[in-house]
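Work out the full structure, taking the sequences as your base and the hints as a guide.
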Amino acid sequence: MNALPGIYKPLKAKVENIIEESPLIRTFVLRPEYEFSFKTGEFIELTLDGFGEAPFTPSSSPLERDKMDVTIMKTGYVTDRLHQIKPGEILGIRGPFGRGYPLEKFHGKEVVILGGGCGFAPIRSLMYNLMAIRDKLKKVILCYGAKTPEECIYKPFVSEVRSIEKFEVYRSVDHADETWEEKEGVVTVLLDDIQVNIKESVAVVCGPPVMMKFGTFKLLEMGFGEEDIYLSMEKNMSCGLGKCGHCMMGDYFVCKEGPVFTYREIKDYPNIWD
Amino acid sequence: MKEGFHLSEAQWTHFLENHSEKYNIYAPVRHDKIIDYELINKVGAGEIDYNIPRPITPLKLFFLPVKENVTLDIGDPSRKNIIIGVPSCDLIALDLLDEIYLNESFPDPYYLYRRENTILIGADCYGVLEHCHCTSYGGNPYPTKNYDLVLSLLNDRVYLLGNNKKAEDFLDEIKSNTETSEVSDDDLENIFSKRKEIRKKLAEMNANLPDYKETSELIKEPDESIWEKYSKNCVSCGACAAICPTCTCFLLVDRPGFEKVRQLDACQYPGFSRVAAGGDHLKKLSERFKNRYLCKYVWKPEKFGSIACTGCGRCIETCIGEINKNELFVELASAVEA
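Order-wise, the sequence lines are chains A and B.
Sequential numbering from 1 applies to the first sequence in this note's numbering.
Sequential numbering from 1 applies to the second sequence in this note's numbering.
You may find that some hints are simply not true.
Stated by the list, open to error - For each label pair, taking beta carbons as the anchor points, the in silico distance ranges come out as: (1) A/Phe51 <-> B/Leu285: 28 to 38 Å; (2) B/Asn117 <-> A/Glu89: 32 to 42 Å; (3) A/Gln84 <-> B/Ser105: 28 to 38 Å; (4) A/Val210 <-> B/Asn233: 32 to 42 Å.
Quick caveat, the hints were computed from the structure, so don't treat them as lab data.
Ideal Cβ placement from N, Cα and C applies to all residues, glycine included.
Now the structure itself:
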């Protein structure tokens, strides 16, 4: 057999720019060698040549085909090394993989988005997409939390979103300083203040596991339906093809049937928040 | 079983020896207590052990090598593989492997290539090993699916019965080289009665073992104490998964030049499900231990409808902690009943 379809072979992508979002979080602006399209919420596998591969959900608009942003927190083997690379270097991309956000189900609804830390990355991509379809939405409320003001990412993006009709952004930090003019406390406190018609709403949660857990419980308490809460699950997605088994959560391959699940789909599986 | 014939064992051996350059022929050979597949070359065909219970190596390793670069072109396409003496437990396992590796959204080209270029000659088991339990899980000690031909050696005659077009071509090739005889009704009767005898033996020796469905329900029981007790002897070596005909999880290892090497892996190893910031839903050994059974008896059958334990018993035979999952299930069943 000669030319094999390369389901394991990455597409090369040049790092055009690196944006420092916070001390631990950087956005890598990638230009793939061919046009690359994805749906919001789907993920890619990013390869550091000869070193390792890790899953990330792009943070840029899915409507852009020639360029893709990937926002990465320095937190492990591959990401530590990614934070050392310079513009001009070549990375590899496989994908897109999985099931993203079902935007058609958001039509006619209010969308409440709860994000924490680097969980803003997939959410930013989602929000770019929601901006493009805002005629079909009632409103979009983003509640975002970080540990400190310094760790709040995408500051220019937040200012941009605040000027858009139907879009609201609320932020909190665990530990405020004198420069902080917004809320202090864990991100779920923001939910106490929002004006939302829960019957006509869907919720999206993305962030560190403990924040997703308490965020989800709070949304349930507020009256959101289990099938209306969309969670972006983080498991050890490796092959992306529903084969290698590392991301199995019960009978789901998170890489294929996820990473976006409704709470109803996964609530009965063991250790979902670990 | 459809078309076929029989020939003398000597002629069959001669045929294999003459074709050992055209095909890669693998067949079970006994070395002391161990029976395993060997590559048959010009002189080795007389050593083959026919109709023995399963060889030690699971069939999966012919399709999913322990290590393989999955970014390079596949090797020499001119030689087909023939695997002789594949037991039914390994053939049934192909249902699940095909579900995963030939899944229509991402068919794996390497697996597909090997499946297509292999002739599988299944064999009736004319013996049982201590831990064989295929009949408890709906299987039989003779090939019923996923084989191209089935072989039975009775009274120095090799009976070959084909199951599909691939088999037909191969049978024609044998016929044009050797003297063959038609299979009579009496011959078939002999084959069937031998099958019945072994089936009965297996059913008797595993009479206490819960069946597959029951096992699935037992595993869902909330009591964790039995799992903790049995996992005390587990050292996470992963031998159970390595030797299992249906365990096919793997790791992708990066090599320079954006190459990837697929290496078989196991959920029994620490870190199998660890993510970047340290989260790991299989951190505890007892959770990993149970995970493998949840996967085999609950999740995989729910997801794919194919069974994920075919009762080959290799995991029991291989475990250095002497963990016998069948004893575990019998104990679990009696604990639940009590």
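Review point. Regarding phenylalanine 51 of chain A and leucine 285 of chain B, is the given constraint of 28 to 38 Å on their beta-carbon distance met?
Key: holds (29 Å)
Exercise for review: Using the beta carbons of glutamine 84 of chain A and serine 105 of chain B, state whether their distance is inside 28 to 38 Å or not.
Suggested key: Given a distance of about 35 Å, which is inside 28 to 38 Å, the answer is holds.
Review point. Does the Cβ distance between valine 210 of chain A and asparagine 233 of chain B fall inside 32 to 42 Å?
Key: holds (34 Å)
**Study point:** CB-CB spacing for glutamate 89 of chain A and asparagine 117 of chain B relative to the 32 to 42 Å hint
**Key:** holds (40 Å)
Going through the hint list in order, the structure satisfies each hint without exception.
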